[in-house]
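Enquirer: These are the residues of each chain, in order.
Number of protein chains: 2
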Amino acid sequence: MIQHTRIAETGKRRIVIVGGGFAGIELAKSLAPADGQVVLIDKQNYHTFQPLLYQVSTAGLEADSIVYPFRKIFEDQENFYFRLAEVQSVDTTNQVVETSIGLLRYDYLVIATGATTNFYGNEQIQRSSIPIKNIGDALALRNTILSNFEKALQIDEEEQLNSLMDYVIVGGGPTGVEVAGALSELRKHVFPKDYRELDFVKMDIHLIQSGPRLLNGMSEEAATKALEYLERFGVKVWLNQRVKSYDGYTVLLDSGEKIISRTLIWAAGVTGSPIAGIRSESLLKGNRLQVDVYNRVAGYENIFAIGDIAAMVTEENPQGHPMMAQPAMQQGKLLGQNLMNLMTGEPLKAFSYNDKGSMATIGRNRAVADLKVFNKEYRTQGFRAWLIWMFIHLISVIGFRNRIVVLLNWMWSYFSYDKGIRLIIGKKKENVPVEEVTEKTMV
Amino acid sequence: MIQHTRIAETGKRRIVIVGGGFAGIELAKSLAPADGQVVLIDKQNYHTFQPLLYQVSTAGLEADSIVYPFRKIFEDQENFYFRLAEVQSVDTTNQVVETSIGLLRYDYLVIATGATTNFYGNEQIQRSSIPIKNIGDALALRNTILSNFEKALQIDEEEQLNSLMDYVIVGGGPTGVEVAGALSELRKHVFPKDYRELDFVKMDIHLIQSGPRLLNGMSEEAATKALEYLERFGVKVWLNQRVKSYDGYTVLLDSGEKIISRTLIWAAGVTGSPIAGIRSESLLKGNRLQVDVYNRVAGYENIFAIGDIAAMVTEENPQGHPMMAQPAMQQGKLLGQNLMNLMTGEPLKAFSYNDKGSMATIGRNRAVADLKVFNKEYRTQGFRAWLIWMFIHLISVIGFRNRIVVLLNWMWSYFSYDKGIRLIIGKKKENVPVEEVTEKTMV
Chain A
989 MIQHTRIAET GKRRIVIVGG GFAGIELAKS LAPADGQVVL IDKQNYHTFQ
1039 PLLYQVSTAG LEADSIVYPF RKIFEDQENF YFRLAEVQSV DTTNQVVETS
1089 IGLLRYDYLV IATGATTNFY GNEQIQRSSI PIKNIGDALA LRNTILSNFE
1139 KALQIDEEEQ LNSLMDYVIV GGGPTGVEVA GALSELRKHV FPKDYRELDF
1189 VKMDIHLIQS GPRLLNGMSE EAATKALEYL ERFGVKVWLN QRVKSYDGYT
1239 VLLDSGEKII SRTLIWAAGV TGSPIAGIRS ESLLKGNRLQ VDVYNRVAGY
1289 ENIFAIGDIA AMVTEENPQG HPMMAQPAMQ QGKLLGQNLM NLMTGEPLKA
1339 FSYNDKGSMA TIGRNRAVAD LKVFNKEYRT QGFRAWLIWM FIHLISVIGF
1389 RNRIVVLLNW MWSYFSYDKG IRLIIGKKKE NVPVEEVTEK TMV
Chain B
989 MIQHTRIAET GKRRIVIVGG GFAGIELAKS LAPADGQVVL IDKQNYHTFQ
1039 PLLYQVSTAG LEADSIVYPF RKIFEDQENF YFRLAEVQSV DTTNQVVETS
1089 IGLLRYDYLV IATGATTNFY GNEQIQRSSI PIKNIGDALA LRNTILSNFE
1139 KALQIDEEEQ LNSLMDYVIV GGGPTGVEVA GALSELRKHV FPKDYRELDF
1189 VKMDIHLIQS GPRLLNGMSE EAATKALEYL ERFGVKVWLN QRVKSYDGYT
1239 VLLDSGEKII SRTLIWAAGV TGSPIAGIRS ESLLKGNRLQ VDVYNRVAGY
1289 ENIFAIGDIA AMVTEENPQG HPMMAQPAMQ QGKLLGQNLM NLMTGEPLKA
1339 FSYNDKGSMA TIGRNRAVAD LKVFNKEYRT QGFRAWLIWM FIHLISVIGF
1389 RNRIVVLLNW MWSYFSYDKG IRLIIGKKKE NVPVEEVTEK TMV
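As given, the protein sequences belong to chains A and B, one line each in that order. Just so we're aligned, residue 989 is where the first sequence starts under the numbering used here, counting upward by one. Just so we're aligned, residue 989 is where the second sequence starts under the numbering used here, counting upward by one.
Just so you know, the hints here were simulated from the structure itself, not pulled from any lab data. One thing to keep in mind: the hints can contain errors.
Because identical chains share one entry, a pair is satisfied inside a single copy or across any pair of copies.
Mimicking BS3-like on lysine-lysine, the simulated pairs with C-alpha atoms at most 30 Å apart in a straight line are [unchecked claim]:
#  : residue 1 : residue 2
1  : Lys1415   : Lys1190
2  : Lys1415   : Lys1344
3  : Lys1000   : Lys1224
4  : Lys1176   : Lys1031
5  : Lys1224   : Lys1415
6  : Lys1337   : Lys1176
7  : Lys1190   : Lys1360
8  : Lys1344   : Lys1417
9  : Lys1190   : Lys1364
10 : Lys1031   : Lys1246
11 : Lys1181   : Lys1273
12 : Lys1000   : Lys1181
13 : Lys1139   : Lys1232
14 : Lys1344   : Lys1416
15 : Lys1321   : Lys1000
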């Protein structure tokens, strides 16, 4: 019978953080001087820089350059402990988290579980489409795209061929726009060299957006420019359209129109990932936890939520803050200070979001940016926005080694018009199978 | 019913190459000026630089930096065609290869399928151990090692703890020696920082070699030095020992001794991977195909074999050439010229192996090298050998981008004593499961 080691009880108060996304990482860092135990639990042993996932999925970056091991981030932080585990539920009465590797006592619990892809209850779409929310998704998409073309080489029949060469992206937010742009670059500069036997005039890229404009969180100016760039890159943008069903082959729109594609990329929205055991009254629309201005979950004294999972509903922000990296990081950082204040009996500081703006990149030399600098709005599009986008993302990637590898890949791609990571390694999505060779045909 | 496109018949002779390892790649390149069709078939869409696989498995390099897409290598070679497929058999009478995507006619067939891990018929070991022969293996090993330590944090009981922290490597050739050295570096410089709660004095690394010395293909001098380095790094080397059985937990040696470990790394030998349909008379010991000095398979006019799968048995080389990159590349290159000579009716040139020597690296600043420069032997060990090893391997990696990434990782590791890719992404080996938490225990 195995005795499970405890995380040594040191007599100090224990802060358990569930989830090592932007919010969880910033919180754990900001707790470095805390006279307590900081325990981070995550399903993975690495932090993922989600804003660049789309580049992994389109063969521009290796997965390993945008993730970073937690243990490495915190190797010099003595009060830090990591456990690779899944949280199953929380017992708030006994102050215990139940995980896949046993029970964990806490004094303060911080829920930083983030968000997951929202399929709006459509199980058929969930089964047949590919989201881009984690490294596994991104690699599956990359493998699927490359496999599609390998298969297409064996196909003559027009509709079957189109089903393999055409792509449908659902969701006109930053991820959808960025994937559509990256695919159009691959179509122009990379795939025709790789697959000389295929005619890439046949490759269609569809972007489907439910509302009347792209990039809902951004300015009208940014949205208009993004649409202009995408159309110039040959992406077919469908506004005011929704996907009704998808069986892995036919995308049926609400309007009755049909698009044939074996690959539906789902970037249409996210929903919070709460944990079992938190009272349902604290759960708002979109599965987010209602928190006060100190990120304390409604109804609890010692349970907090930060990042995408937290909805800090105020008059200014009736929907809570946007589900993005910036509010998550700022909340994590402040909560660290507030937890230390709590432990030493000092007053807490209310959260106030410092909106630095947002950005999306569409492709080579083309991005849109709505920035706030010293509280003044600054909007720019095109080459300058693209440079700003690259700079901000580069310095945000964790780890010096990763930053150099990302920079190197970007420079390489820029000057060679190439994307180097065109590798099929690991899982891919197999929708309706391309019919087997029934008689032995010559290839 | 799907019509399979043919690889367009151009009226030119078709050379089908099965396998894109060192031999296959060199052959296809050397056929660039050929007035024929060059078709490469491989199960993967990328070439793997096998000599650095051990660094992927020990978190030193990302997988993506030692592999390279075939289509990218040959994007400027107009007579080149690639198909992602598995070869099932060959019909030598009708000159047709049967593949997972259909039949493929050939005029000349070149078998360059390489070698696979040899478990010497022991299915139990095959099931429970991890080889290091391809990218999938290497990533599985990396994931397993890292997961072991994550699990070890939850274990108190001494034997269970040892089973997770101890490693057994079977095979004292270059791969075994290199993995043992890399693990000892991780034990010294990396793991103690990552897993502060574990005591790495407990981590044992065993290297088991069936013969009386390490590195059989190399000089006595190199073997002695390699042993000395390994022992200095704290690796327990067992000479003249064989593994009798392994159930995923207990390694039983021929001598009756037992070692407890959940991770057995199998680097004990390789065996050829022939394809079905070739007459069995041409198959020699070790599953290699008997070829003449033109790499023609015995008994055929238009079927050739190159690289590890080919045994060119001569008086000089009664066992055929060593199953290494150098003979494979040289055979591939010459066969390309010979095939062009065949097509134009010119005489063929017999193969003669230019042995440039061999090398193995044991760890930081420590390698052994037996080189041949202008037919003179040059043996060196230690720092100089290590520099030569790095230089040769760096320039041999395919692709400028890859070379830079590998160099960057090496420099980074050298100066920081760190290995950056400590990520658990994808599959791992699960041997005897660590007992589940039976009662809910506090961690």
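Enquirer: So which hints don't hold here, by number, going up?
Expert: 2, 3, 6, 7, 8, 9, 10, 11, 14
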